[in-house]
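Each chain, letter by letter, is given below.
Number of protein chains: 2
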Amino acid sequence: MNTIHVALVQQRMLDDCQANLETGLAQVHEAARRGAQLIVLCELHTSLYFCQEKSARHFRRAQEIPGPLTRQLSHAARKNRVVIVGSVFEKRARRLYHNTAVVMDQDGSLAGIYRKMHIPDGPGYYEKYYFAPGDTGFLPIQTSLGRLGVMVCWDQWFPEASRMMALSGAEVLIFPTAIGWEPDNDDEEKQRQVQAWQVIQQSHAIANNLPVICTNRVGHEKDLSSTSMGIDFWGQSFVTDAFGKIVTQGPADIAETLHAEIDLGETQRRRQVWPYLQDRRIDAYGDINKRFVEESRDSRSAPASPDTGSRKTRR
Amino acid sequence: MNTIHVALVQQRMLDDCQANLETGLAQVHEAARRGAQLIVLCELHTSLYFCQEKSARHFRRAQEIPGPLTRQLSHAARKNRVVIVGSVFEKRARRLYHNTAVVMDQDGSLAGIYRKMHIPDGPGYYEKYYFAPGDTGFLPIQTSLGRLGVMVCWDQWFPEASRMMALSGAEVLIFPTAIGWEPDNDDEEKQRQVQAWQVIQQSHAIANNLPVICTNRVGHEKDLSSTSMGIDFWGQSFVTDAFGKIVTQGPADIAETLHAEIDLGETQRRRQVWPYLQDRRIDAYGDINKRFVEESRDSRSAPASPDTGSRKTRR
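So the sequences go chain by chain: A and B.
21 is the number of the first residue of the first sequence in our numbering; add one for each residue after it.
21 is the number of the first residue of the second sequence in our numbering; add one for each residue after it.
Note that these hints are calculated values from the structure, not bench results.
Heads up, a few of these hints could be off.
Chain copies aren't distinguished; within one or between two, either way the pair holds.
[Claimed, not checked] 25 Å max Cα-Cα, derived SDA-like pairs, lysine to any residue:
#, residue 1, residue 2
1, 310, 153
2, 148, 304
3, 265, 209
4, 310, 292
5, 265, 215
6, 242, 126
7, 265, 127
8, 210, 265
9, 148, 250
10, 210, 298
Using the sequences and the accompanying hints, generate a full structural model.
Written out as structure tokens, the structure is:
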């Protein structure tokens, strides 16, 4: 057994960045007191989810790395001797911003950063206005607890991202997240969305035999542009083991810090039986780097009879 | 709505290839009578799952394409005016065999073949002894009902395979399968395996917004080499919609033909809200074509303080 005690700070955000940060750091302190070694905060955990609208005034929130926020996270990590996964609206240069996860090691050092690679852009989630696509690639961050495959929210829907983290030696997949319901979705659609969100992340655990940690915020946040009814962030932060089983999950509507044990040794035991990395067809995955593969490239349209030995699809 | 009535022939195999084929074809006929348009048989549906042992005598079962088996499937497709997904132990050349899915169109023509790309090899599933890795790539097969993303069994555990089918325009993902329990697994482990098997395939539906069809055999089959307790094939064939919801599922221990409607129009509606194909980072997926990415490639080991601006992981 090589277990790590993890804590997920499922937070409800206020329109007060300092209060949000203080709440988060108090939860870090309390979780550490209860034995947590790795503590994962939500995506953009100091603010309301401002990407519901496109407004230049929100760029004022952005900070450099290192900057005030990373210094406070660093201090909290060192003081509590924990590894913290935090989230920063990163100002990298003039009018160049990222949605960036930061990892602070137990000694307070910045173990590494991950700039969100897949950026969503649709009603309620106008992130392409704010964030440039990340350029860190899908590389795990080495910490004293192991190699953390930290990604962010929308990345969780792309199997390629988790696979690449696994190929680079990640020992756990971590997704700080901000996702919720449109208030006027019907209950069935709401449950279907949560179900899909869980299943896609459980599948990364299964496909790569790695535990998954996903921290999501809760609570209703208004759309300040008043073009929509806002978002009900659905909480339900969860942890899976290395075979996709959900071992703990938070409520949908209450701020709560969850605790779980993950066993980094399970990966080796599961991969013994499910040796995907051995059987991957790396000679045949080239088209995955394409946007789309057009239909015209083979002679699929030519009909033929099986008795002649020819085929509609000549491969 | 662009719905297709599909049927899955979840079969129990006997040690009698002719009887197995007759049972399968009788089910095709009955399913067609009930309105099925697309009928999916199991992997290697004419025989016991002989890959439990490695024995040269089983190569006698292999057939060419076209050959007697494809001619009978062709006849059944034409007679019943249905599309059939069948499975052939294909003899391609002297001592060159494949585990091959075949698709017969409603006019009896061979619409295309798919040679199993990912080949398992472990206790109970010694397929690398029998089957060469496929060389068809992950290309959907054009039929009168749409483009079928036909893969086979072990492929279902590799997200790359389904993604590539989607990128090549597949409208549904189809997995003829032969998977089961070791009889001495405990109940919890058995349920975990089925759960993982469902979730990984539901995830392909979610990640690509495509319906999934998976047909599995049922029943206990002995290990003829007597080195194991055999396999209890777990049935539970299922169909999902294009957002991963299981819309029908078979029993674990009874041969049964399942019916379901799939709506090929749902893909477009779901992709409107979940535009993964638009947001994929094809500039950053290069390492997915590698076997593994060694740790040494960046300077992850150099510790640093956040206050200096340097990072353990320089990205």
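So, going through the hints one by one against the coordinates:
1. For the homomeric pair residue 310 and residue 153, the shortest alpha-carbon distances inside one copy (18 Å) and between copies (23 Å) are both at most 25 Å.
2. When the C-alpha separation of residue 148 and residue 304 is checked against a cutoff of 25 Å, the pair qualifies only between copies, where the shortest distance is 18 Å, while the shortest distance within a copy is 32 Å.
3. In this assembly of identical chains, residue 265 and residue 209 lie within 25 Å of each other by CA distance both inside one copy and across copies; the values are 23 Å within and 11 Å between.
4. For a Cα distance limit of 25 Å, the shortest separation of residue 310 from residue 292 across copies, 20 Å, qualifies, whereas the shortest one inside one copy, 32 Å, does not.
5. Within a single copy, residue 265 and residue 215 get their C-alpha atoms as close as 14 Å, and across copies as close as 8 Å, so both meet the 25 Å cut-off.
6. Proximity of residue 242 to residue 126 under the C-alpha cut-off of 25 Å is found in neither arrangement, the shortest distances being 36 Å within a copy and 54 Å between copies.
7. Taking the shortest Cα distances, residue 265 and residue 127 never come within 25 Å of each other, neither inside one copy (32 Å) nor across copies (45 Å).
8. With identical chains, the CA atoms of residue 210 and residue 265 are at most 25 Å apart both within one copy (22 Å) and between copies (13 Å).
9. Proximity of residue 148 and residue 250 under a CA criterion of 25 Å is satisfied intra-copy only: 18 Å inside one chain copy versus 54 Å between copies.
10. For the identical chains of this complex, residue 210 and residue 298 are inter-copy neighbours only, at 24 Å across copies versus 38 Å inside a copy, given an alpha-carbon limit of 25 Å.
When the structure is compared with the earlier hints, violations turn up for hints 6, 7 and for no others.
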